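**Q** Here is what each chain is made of, one letter per residue.
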Amino acid sequence: MYNKKVLQHFKSPHNFGKIKNPDGTGKVGNIICGDVMWMYIKIGKNKKEEEIIKDIKFETYGCVAALASSSIVTDLAKGKTIKQAIKINQKQMVESLGGLPPVKIHCSILAVDALLEAIYDYLIKNKKVIFEGLEKHHKRIEREEKIIEEKYKEWTQVDEKINDSKE
Amino acid sequence: MKIIKTYLDYAATTPVDPRVLKAMLPYFTKKFGNSISLHTFGQEAKKALEKTRLIMAEALNAKNKDEIIFTSSATESNNLAIKGIAFANQNKGKHIIISSIEHSCVLNSSQWLEKQGFKITKIKVDKYGLIDPKEIEKAIRKDTILVSIIHANNEIGTIEPIEEIGKICEKKKVYFHTDAVQSFAKIPIDIQKMKVDLLTASSHKLYGPKGAALLYIKKGTKIEPLIHGGGHEFGLRASTVNVPAIVGFGKAVEICEKEMKKESKRQIKLRNKLINGVLKKIPDSYLNGHPTKRLPNNTNFSFAYVEGESILMDLNSYGIASSTGSACSSEELEPSHVLLACGSRLEQAHGSLRLTIGRWTKEKDINYLLKILPKTIKKLRELSPYVQ
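Protein chains in written order, with the numbering used here: chain H, -6 to 160; chain B, 8 to 395.
None of these hints come from the bench; they were simulated from the model.
Some hints could be false.
Straight-line C-alpha distance at most 27 Å; calculated BS3-like pairs for lysine-lysine [said to hold, decoys possible]: (1) Lys385(B) to Lys(-3)(H); (2) Lys50(H) to Lys386(B); (3) Lys131(B) to Lys300(B); (4) Lys40(H) to Lys20(H); (5) Lys4(H) to Lys180(B); (6) Lys118(H) to Lys38(H); (7) Lys378(B) to Lys4(H); (8) Lys20(H) to Lys41(H); (9) Lys134(B) to Lys144(H); (10) Lys131(B) to Lys(-2)(H); (11) Lys(-2)(H) to Lys385(B); (12) Lys38(H) to Lys20(H); (13) Lys129(B) to Lys300(B); (14) Lys134(B) to Lys288(B); (15) Lys(-2)(H) to Lys9(B); (16) Lys129(B) to Lys144(H); (17) Lys178(B) to Lys99(B); (18) Lys386(B) to Lys47(H); (19) Lys386(B) to Lys20(H); (20) Lys71(H) to Lys11(H); (21) Lys70(B) to Lys145(B); (22) Lys40(H) to Lys(-2)(H); (23) Lys225(B) to Lys99(B); (24) Lys(-3)(H) to Lys131(B); (25) Lys178(B) to Lys11(H); (26) Lys9(B) to Lys13(H); (27) Lys50(H) to Lys382(B); (28) Lys12(B) to Lys13(H); (29) Lys35(H) to Lys386(B); (30) Lys386(B) to Lys71(H); (31) Lys386(B) to Lys(-2)(H); (32) Lys134(B) to Lys122(B); (33) Lys(-3)(H) to Lys141(B); (34) Lys99(B) to Lys134(B); (35) Lys4(H) to Lys12(B); (36) Lys12(B) to Lys90(B); (37) Lys144(H) to Lys131(B); (38) Lys4(H) to Lys382(B); (39) Lys131(B) to Lys4(H); (40) Lys(-2)(H) to Lys382(B).
Predicted model only: the values in this text are computed from it and were never measured.
Isolated chain H, as found in the complex (with noise of 0.2 Å):
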C-alpha cells in the first residue's frame, strides 16, 4: 500500500516534537476526523538578509499518510526563504514521497495547510504584509474548520449529552 519512503518517513520522522517560542505556530485538522497537525516555525536570516524559515517542527495525531506528510514538509521547508516556503504545494510534497495511495492524498493537504498557516501566524503577529495567496489560503482553512464543525455538530452534542448524564 504505501511505498519504501513513505514506510521511513513514518518510522523515522524528521523534525518531530515542540519548538519553544515558537515564531508562528500552525495548528489545523481535527481529532474527531482522525487526523491534527501542529507545525512550529522559527523565522532567521541568511546572508542576503531574506527571512528564512530556520528551523520547523511538528506534532501530528493521524495515520501513516499525515505522519510521512509532516514529515517530508519539514523537510522541504527548512532552510527556505518564507517567499519559497508557502510556494511549496501539495503536488510537489507527494512527488517527494514518491506517491501515496489515492485514498489517502487528503490526509497529506493537512501538512501543507499546517507550514502555510504557522507563516501566517509569524506575518500577522509581526505586522508583516500577508501575500495575497496566503490570505486566501487562511479564509479556506478557517471556513473548512467551521464545516467540520457542523458536521460533527451533533457529535460534540452527543458527548455534552453523555457528560451530563454522568454527573
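Given chain H, work out where chain B should sit, using these hints.
**A** Showing chain B alone in chain H's frame:
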C-alpha cells in the same frame, strides 16, 4: 532487533489446517465430479457433499441435514437470508429488525431493501455492545417479518443473548436469523435452544478454505433464492457446488467441535493475559466490548492520543498482524460503526486496535506483542500534539 512474524488477526481470516487441506486434496484431482452428475464421478462428489451436510447439521443440532444450504461466503449467506426472507414474505409485511452492530453485509443488505420500500429498525446496544432483548420485543410490529442479530460481534467479540431473542421471535411468530460467523464451532451453538430459523457460518474463520459458507434454513421457512439456475442446493442456490472447499469446511468443523472445550479454555487464558498485559503496561488504554461475555479469541482496545492505522502499520513493521476500526484504514474513510454504536467517541474509534488469537497462537506470541505494543504507543504519542 529480531522481527518475529506474529499473526494476531484470526478474526479476519485463518490459515487452513493441514488436516483440512489433506481432506480436500482428492476432491481437486481424483474425485472431481460435478455433484449433480448421475455417473460414479458425480455421485462420489455428491456423497462427500451430503456427508458434510450431516456434519454441519450435527454441529448445529439441526433436525434435518437438508436444512443446510452451502454458499460461497458468509456475505452471500447473509444476503440470501435477509433478501430471501424479505422477498418471500413481503405480503405479510415489510418491516425488518437488525442491530446497530451487524456486519456490513447485513447492514448494507438491509439498507438496499430500504430503497425497495422495506422499513428497517436498528436496535441500539449498550456500551459493551450488548443488545437488550426487551428492546427487540418492543420493536416488533404487526408487519415485522424478520429479526437478524449477530451472534458474536466481529470487531469487539461481544456475545449476544441469542436464546432470549429467539424465544421472543418464536412467541411473536417472526423469523429469526443470526450471523454466527465468528462464533460457529468456537463456542457451543444449539439451534433448537436458540430458536433460530436461519443461521450463517463461514469456513475460512475456522481453519477451513475460503469460498465456502452455509446458511441453515429451518424446514418450512418461506424464502426466495437470489441465484437462479440449475436447481442445486434444493433450488435455493444454483451454481456448481464447490465440493473441495465444502469438504474442507466439513473437516474444519469436525476438528473445531472435537477440540472446542480444550481450545477455548486455552484461548481464554491467552486472551486474558493479553488484555491484562495491555491495560497494565499502557496508560490511557481501554478495552472495547464486554469483559466476560466475549469470544475466547477476541480483544479490542482503544488508545488515547494515537491513531489506529499508525498503530497497525508500526506493529506490522515488527511482523505483527492486527486490525483497526480507524477511519483512515477503511475505504469509506468512516470509523467503525460498531465502536460508535457502543458510544465510543470518534477519537476512541480512530485509536482502536483489534487483536484476535487462534489455533496457532502461543504464549510467546502474546509476550512478543506485549513487548512491542507499549513501545509503538509510546513512540506515536511522542509525535502526537495531544500529549504534553
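**Q** Does the structure break any of the earlier hints, and which numbers would those be?
**A** Numbers 4, 5, 8, 10, 21, 22, 24, 25, 26, 28, 32, 33, 34, 36, 39 - these are the hints that the structure violates, sorted from lowest upward.
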